[in-house]
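Participant: Following the hints, put chain B in place on chain A, whose structure we already have.
2 protein chains.
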Amino acid sequence: MTYCVAIAVDAGLVFCSDSRTNAGIDQVSTYSKMYRFGVEGQRQFVIMSAGNLGTTQATISRIKRDIKERAATSLLTVESVSEAAEYLGGISREEQDKHASRGSGFEASFIIGGQIAGKKHRIMMVYPEGNHITSSHDTPYLQIGESKYGKPILDRILTRDLELDTCALCALVSMDSTMRSNLSVGPPIEVLVYRTDTLTLDAPLRFDEDSEFLREVKRSWDQRLKEAFRQMPRFAWAGQWDSQARLAAVNDDDRD
Amino acid sequence: MTYCVAIAVDAGLVFCSDSRTNAGIDQVSTYSKMYRFGVEGQRQFVIMSAGNLGTTQATISRIKRDIKERAATSLLTVESVSEAAEYLGGISREEQDKHASRGSGFEASFIIGGQIAGKKHRIMMVYPEGNHITSSHDTPYLQIGESKYGKPILDRILTRDLELDTCALCALVSMDSTMRSNLSVGPPIEVLVYRTDTLTLDAPLRFDEDSEFLREVKRSWDQRLKEAFRQMPRFAWAGQWDSQARLAAVNDDDRD
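Top line first, the protein sequences correspond to chains A and B. When we follow full-length UniProt numbering, the leftmost residue of the first sequence carries the number 1, and every step to the right adds one. When we follow full-length UniProt numbering, the leftmost residue of the second sequence carries the number 1, and every step to the right adds one.
Just chain A, same shape as in the assembly:
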């Protein structure tokens, strides 16, 4: 399984992915699911992948080859992030179709995000069918893979005006909730931040199993969440069971 999340806010983009791949619980491997493509000062793209590893690797290979061979259409020629998503979806669809006669299980989905000089920074999710959607003002994130466990925290925290480090922390907390509930999502965790209009990408930060930082995020969030829960007001309804408890206590006395 996989979990990837991308966040698009005014200040820029955040990408976060795990690196665990499994074909059955006894065949677990580590593969990065995050890929960077770009030309300094002109265009930058980040792709994250989920689903069949054969399909995603073949798709990424073809994207690289198209760049290398200066194909008519490649990430160097597309004129928008949306066009890049269209291009990516077409390749993914073709790679899946090669195996269509052997049944299902070859599906893959992708997130692609980035910016082209003079255009807005965007993120897009590419479905296994090849079509794509983008994020919105109210929902400034996209997820692929094991997305449910980590969704509630994104829904509550993310707004378009947040700082990038807050968004990155939110992505990590979302990843932490997912790893806690699904063993097949796991470190190393990669985080990449793109700042609007810089048109440059650093290497992703990579946190492995022993990362003191990941442990600190985990510990810190766990502790704060528990505190938050402890601080919930005691509601009037709780009294109902207290009175029931008293009743039970009276019955206990009767037995003596």
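Heads up, some of the hints might be wrong.
When chains are identical, the list treats them as one kind, so a pair holds in a single copy or across two.
[To be verified] DSBU-like, lysine-lysine: derived pairs with alpha carbons at most 35 Å apart:
#1 Lys218 - Lys98
#2 Lys68 - Lys226
#3 Lys120 - Lys68
#4 Lys120 - Lys64
#5 Lys68 - Lys119
#6 Lys120 - Lys226
#7 Lys226 - Lys64
#8 Lys119 - Lys226
#9 Lys68 - Lys98
#10 Lys98 - Lys64
Hint data in this document are derived by calculation from the structure and do not stem from the laboratory.
Facilitator: The following block gives chain B in isolation, referenced to the frame of chain A:
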């Protein structure tokens, strides 16, 4: 869709279920998914259901009929909660098998919990296949239906020594996260608390769409979760993007 969660701690049992049923997003209805069976002072059972409404209703009907007709095996005769789960699973399997020739989609799952005089209070989950599992010391809860959104908070908060009102509040927070992320899970929300060794069951508390209490839980948790996130320490890594930001700012100056 449905979300039901049952919690088993030393002090007793908590059951919480939504009441939304849908066959497509334009055919949404309200059905309670919580059923009580018992004899005061002797045995008490609560059943919650998820899945095909035809299967769950037929199953519950047969359980009621077996009680009424004093069948050889019924919830009045079983000698443990595990045996009750076995009995329930058998009926569910039979009801599904009636439609097996018309394909899939008739699956149902159940949670059954309660106590028989002199025995321990237990909760069991009954799979569509008819077999069942119970909760454990480390995982003192069971879920059916749309379980992923609401799982992280259960994993973090629940321990066997918690008070019942804390467990009920945790179940409601878990329900709130689920409703926020899946529209097809919705009020009225029913909550039922069973206190160990009382062998009596009150009617469930029922909170509808307009419930001030539900809104207060939602508001209160949302606010506390956001505060908890705001209080996360600023990690050293954040500096990386700050320096990148400074670099970008320098570039901006260059452009002037």
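Participant: Give a verdict on every hint.
Facilitator: Evaluated hints:
In this assembly of identical chains, the alpha carbons of Lys218 and Lys98 never lie at most 35 Å apart, being 42 Å within a copy and 48 Å across copies at closest. Taking the shortest alpha-carbon separations for Lys68 and Lys226, neither the intra-copy value of 51 Å nor the inter-copy value of 46 Å comes in at or below 35 Å. Proximity of Lys120 and Lys68 under a CA criterion of 35 Å is satisfied intra-copy only: 26 Å inside one chain copy versus 68 Å between copies. In this assembly of identical chains, Lys120 and Lys64 lie within 35 Å of each other by CA distance solely inside one copy; the values are 24 Å within and 62 Å between copies.
In the homo-oligomer, the alpha carbons of Lys68 and Lys119 lie at most 35 Å apart inside one protomer (24 Å), although the nearest pairing across protomers, at 71 Å, exceeds that limit. Only between protomers do Lys120 and Lys226 lie at most 35 Å apart by alpha-carbon distance; the minimum there is 29 Å, versus 39 Å within a single protomer. For the homomeric pair Lys226 and Lys64, neither the shortest alpha-carbon distance inside one copy (46 Å) nor that between copies (41 Å) is at most 35 Å. In the homo-oligomer, the alpha carbons of Lys119 and Lys226 lie at most 35 Å apart only across protomers (33 Å), although the nearest pairing inside one protomer, at 43 Å, exceeds that limit.
In this assembly of identical chains, Lys68 and Lys98 lie within 35 Å of each other by CA distance solely inside one copy; the values are 23 Å within and 60 Å between copies. Within a single copy, Lys98 and Lys64 get their C-alpha atoms as close as 19 Å, which meets the 35 Å cut-off; across copies the closest is 54 Å, which misses it.
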